[in-house]
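The listed protein sequences correspond, in order, to chains A and B. In this text, residue positions in the first sequence follow our numbering: the first is 91, and each later residue adds one. In this text, residue positions in the second sequence follow our numbering: the first is 91, and each later residue adds one.
Bear in mind the hints are in silico, worked out from the structure with no lab data behind them. Nothing here was measured: the structure is a model prediction, and the numbers come from that model. Heads up, some of the hints might be wrong.
So the derived list for chain A, only partly shown, Cβ under 8 Å to chain B, looks like this [claimed, not checked]:
hint, residue
1, CYS194
2, SER221
3, TYR225
4, ASP228
5, SER265
6, VAL266
7, THR303
8, ILE313
9, SER322
10, MET336
11, ARG340
12, ARG359
13, MET361
14, MET362
15, LEU364
Using N, Cα and C, we set each Cβ at its ideal position, and we do this for glycine too.
2 protein chains.
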Amino acid sequence: MLLDSHTKICIVGLGLLGGSYAAALSRQGYYVTGIARRQESVDYAAAHGMIARGSAFVDEKLLGEADLIVFSLYPHVFIEWIREHGSKLRPGTVITDVTGVKGCIVHEVQAMLPGGVEFIAAHPMAGRESSGIEYSDDRIFRGANYIVVPTEANSERAIEMCKALGETIGCKDISVLDAESHDRMIAFLSQLTHCIAVSLMCACDEPDLERYTGDSFRDLTRIANINDEMWSELFLANKDALLAEMDAYRACFDELRDCVANGDRERMREMMRLSTERRKRFNKKV
Amino acid sequence: MLLDSHTKICIVGLGLLGGSYAAALSRQGYYVTGIARRQESVDYAAAHGMIARGSAFVDEKLLGEADLIVFSLYPHVFIEWIREHGSKLRPGTVITDVTGVKGCIVHEVQAMLPGGVEFIAAHPMAGRESSGIEYSDDRIFRGANYIVVPTEANSERAIEMCKALGETIGCKDISVLDAESHDRMIAFLSQLTHCIAVSLMCACDEPDLERYTGDSFRDLTRIANINDEMWSELFLANKDALLAEMDAYRACFDELRDCVANGDRERMREMMRLSTERRKRFNKKV
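Given these sequences and hints, build the entire structure.
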């Protein structure tokens, strides 16, 4: 079984991403339910047609009827949830997630699950600077990348089901990486970029900067508006990979700085041509 | 005289910015002419209604009839142009520019001009990753900042005329800075951001990165697609200010790196909250 019109899907965690999953899947005609900590989030999701039913406690009936459960929680909350409630999951259920780091959770979660329940990890490369279900929007998945992160414990069936989920919510390019490769890629592409934006924003306290800025600074610092609770957890959960990417980047930055200091215009232009050439691959294909 | 329906404006240099000025001013009903090195640029501008007349040589008739001349040239080309052709400018003409650095040109240009010709420097904070008149578009000025950079040699009349020009092309916030302050601001807001994007793009050559990326990396590296000839000139023309900003930024980046290395989550979160707070000021007001 992949996804078909009879697949029942439960979303655990109705924040920005959970709400966006619920909205996308309901729009595609699936029967979607939701479990959240706050009753207001459940009510919001129901009122906006994102879920057919929901609960602000761990409702075993909702869990039991679901064929697929999507966990949209902070990493440590996800692990705690499985530790506390994993035994309530029905054999035959496939569970997946949206977590931004994988190595530190995927093996631990798989080891805790009862027999017959399979966890296939995934990471939709979509988000926003604002958190909470009120900001959820299924358009964030349009043209986005989606990474499935299987381990040796996963079945071909669950992997295919997870890929189908990524396509169903609207993602464009579905790829497969092992957990270690995923965490290295994400350290560079996502975590390092947030480190840069935060550092840049902290680096200057001149008044009135907003009156003099152009779009390049605005674009670079969009993600400097950051959820400090979530991102500090993600950074530390992927510490070694992130430090390696921070150091590799800083070596390039230092090289460019030396070019400026020494007036080495030729080497500076070489770096700029390399960056221009490489950047071409990254334009979004929607 | 500020700008009125009789003001004749000549654009020297019909590239991305020069073309966008010409388009914006023609759309507002001004009589606009253009001088460019390449006949094709002149033809393109005329064919697209950006200019009423143009020339691919330094046409003294076009210069003589202009009340206001906008130079949209690389810094060293602008200085060379004034050295070679400045004597052809008619007394009473006001000239302005779009150059991204000011300290290294404004005094030199003012000193070379014949009596009665006044240079008032300006910097529209607008641009694109692509160069050439084919990419020009007067919408780049919408909501953009515009900085007027007078020296003690400037008259109130020329300053007001230059401000009126910024408003006329569609810029939102017109401010005034001295050359040194401008160059310091721009080192941080514009040049440093380009250094970061280039360094980031140079730092990783993993294949298939584009399949795993999210929008944060795309936004941060948009300007990694960079005109190496122009930007290397701008970096070196503002070397001391740029080095100071690179070092200030790197100190913050290093501090964040140490937080990751040492697991100092509290300090990390403090930096994130500071960056979030500061970033709020930068949302574009259009």
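Which numbered hints does this structure break?
1, 2, 3, 4 and 6
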